[in-house]
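For what it's worth, this note's numbering labels the leading residue of the sequence shown as 1, then goes sequentially.
There's no promise every hint is true.
[To be verified] Mimicking DSBU-like on lysine-lysine, the simulated pairs with C-alpha atoms at most 35 Å apart in a straight line are:
id: 1; residue 1: K106; residue 2: K212
id: 2; residue 1: K212; residue 2: K155
id: 3; residue 1: K76; residue 2: K106
id: 4; residue 1: K155; residue 2: K106
Hints were generated in silico from the structure; no laboratory data involved.
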Amino acid sequence: MQFPSSDPTWIVELIKFFVLIGIGSILFSQWFRSTRRFYTDFPFLMSISVIIIAIGELTDVFVNSGLGVYTLQLYKVRVGLVITAMLPMLYMTVLIWLSDQMRAGKIFMTIFAIFCLSVLASLPTIDLTRLVGVLFLLVVIIPFIITFSWAWFLKRLPDIHSGLVVLGIIFLLSGQLFKAIGGILGLYSWLWFAEVLDLIGFAVVVVGFMVKPGWAKQAQISSHPLPMD
1 MQFPSSDPTW IVELIKFFVL IGIGSILFSQ WFRSTRRFYT DFPFLMSISV IIIAIGELTD
61 VFVNSGLGVY TLQLYKVRVG LVITAMLPML YMTVLIWLSD QMRAGKIFMT IFAIFCLSVL
121 ASLPTIDLTR LVGVLFLLVV IIPFIITFSW AWFLKRLPDI HSGLVVLGII FLLSGQLFKA
181 IGGILGLYSW LWFAEVLDLI GFAVVVVGFM VKPGWAKQAQ ISSHPLPMD
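All chains, please: the whole structure from these sequences, using the hints.
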C-alpha cells in the first residue's frame with residue numbers, strides 16, 4: 001500500500017519519533033539519577049517501552065513518506081516491535097500483582113512473549129496481522145489500566161501519579177484503535193489524528209511518572225510496588 005509523500009501523517013510520525021526519544025531519555029535519566037536503581041523500577045521499564053515504540057515509528061515514516069510500502073514481512077516487524085514494547089508494561093502489571101511470586105511472573109511473561117511472536121509469525125495477511133496486533137495490545141493495556149486505576153484509588157505507588165498514567169494510556173489506546181480501524185476502513189488521510197492522540201498520551205504518561213500524587217506527601221508507605229491484597 002503506497003502512501004503519497006504529500007500525506008502529512010509521516011511528518012507527524014517523524015515529530016513523534018523525536019518526541020518519544022526525548023521522553024524515553026527523560027524517564028531513563030530520572031531512573032539513572034536515583035540513588036538506588038533496580039531494573040524493575042517503573043521509570044526504567046517505561047523508558048524501554050517508549051524507546052522501542054520510537055524505533056517502530058521509523059517504519060511508519062518510511063512507508064507513509066512514500067519511500068516504501070508495507071509488505072507482510074515489514075508489517076510483522078512493525079507489529080512485533082509494538083508487542084515487544086508492551087512487554088515492559090505487562091511486567092509492571094505483573095510486578096504489582098505477583099511481587100511475592102516473581103518466578104511465576106517471569107514464566108508467564110516468557111510464555112506470553114513466545115506465544116505472541118509465534119502467532120504473529122504464522123499470520124498470512126496484513127489485515128489479519130493488524131487485527132491480531134490490536135487484540136494483543138488490548139490484552140496488555142486493559143489489565144494495565146485496571147491495575148493502575150486500582151493503585152490510584154487505593155493510594156499505592158506513591159512515587160507515581162497513577163491517575164495521570166492511566167489517563168495517558170487511555171489516550172494511547174484510543175490512538176492505536178483509531179489507527180487500526182482507520183487502516184481497515186481506508187481512512188489514511190486521518191491517521192495523523194491517531195499520532196496526535198499518541199503524542200498527548202505519551203506526554204501525560206511521562207508527567208505521571210515524574211509527578212507524585214498529592215496524598216504521597218502525607219503517606220508513610222513504601223515506594224516499592226505492593227500486591228493489591
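Q) Taking only the CA atoms, is the gap from K106 to K212 under or equal to 35 Å? A) holds (28 Å)
Q) Taken at face value, is the distance from the CA of K155 to the CA of K212 at most 35 Å? A) holds (11 Å)
**Q.** Restraint status (C-alpha distance of K76 to K106 at most 35 Å)
**A.** holds (25 Å)
Q. Under the criterion that the straight-line Cα-Cα distance not exceed 35 Å, is the pair K155, K106 satisfied?
A. Roughly 26 Å between the alpha carbons, so the hint for K155 and K106 holds.
The structure shown violates none of the earlier numbered hints.
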